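Can you make the complete structure from the sequences, with help from the hints?
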Amino acid sequence: MDNNFTNSNNQIKYANLKETEEKRLKELESQFNSEFGTDYYLMIMKEK
171 MDNNFTNSNN QIKYANLKET EEKRLKELES QFNSEFGTDY YLMIMKEK
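Just so we're aligned, residue 171 is where the sequence shown starts under my numbering, counting upward by one.
These are calculated hints, taken from the structure and not from any lab test. Keep in mind that a hint or two might mislead.
[As the list claims (entries may be wrong)] Dumping the calculated DSS-like pairs for lysine-lysine here, alpha-carbon to alpha-carbon at most 27 Å:
| no. | residue 1 | residue 2 |
| --- | --- | --- |
| 1 | K218 | K188 |
| 2 | K216 | K196 |
| 3 | K218 | K183 |
| 4 | K188 | K216 |
| 5 | K216 | K193 |
| 6 | K218 | K193 |
This one's a predicted model, so the numbers in the text were calculated from it and none came from an experiment.
Here's what the structure looks like:
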């Protein structure tokens with residue numbers, strides 16, 4: 171994997187998600203994959 175990709179976390183902009191918003195994104199991901207027969211994933215990360 172390209173180092174520019176794997177080492178680029180310092181460039182990520184974090185959103186201040188509430189617990190309900192994080193849960194909704196996970197539900198949306200699951201619903202999308204079920205409806206379209208895909209395996210796409212949203213990346214939800216907590217900032218340290």
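Status of each hint after checking the structure:
The suggested pairing of K218 with K188 holds, with an alpha-carbon distance near 16 Å, which does not exceed 27 Å. Under the criterion of a C-alpha separation no larger than 27 Å, the hint pairing K216 with K196 is consistent with the structure, at around 14 Å. Between K218 and K183 the alpha-carbon distance is near 13 Å, which keeps this suggested pair within the 27 Å criterion. Proximity of K188 to K216 is assessed by CA-CA distance (about 11 Å); at most 27 Å being required, the pair is judged to hold.
Taken as a hint, the K216 and K193 pair is honoured in the structure, with Cα atoms around 13 Å apart against an allowance of 27 Å. Between K218 and K193, the direct Cα distance comes to roughly 19 Å. Compliance with the 27 Å bound is thereby established for this hinted pair.
No hint from the list above goes unmet by this structure.
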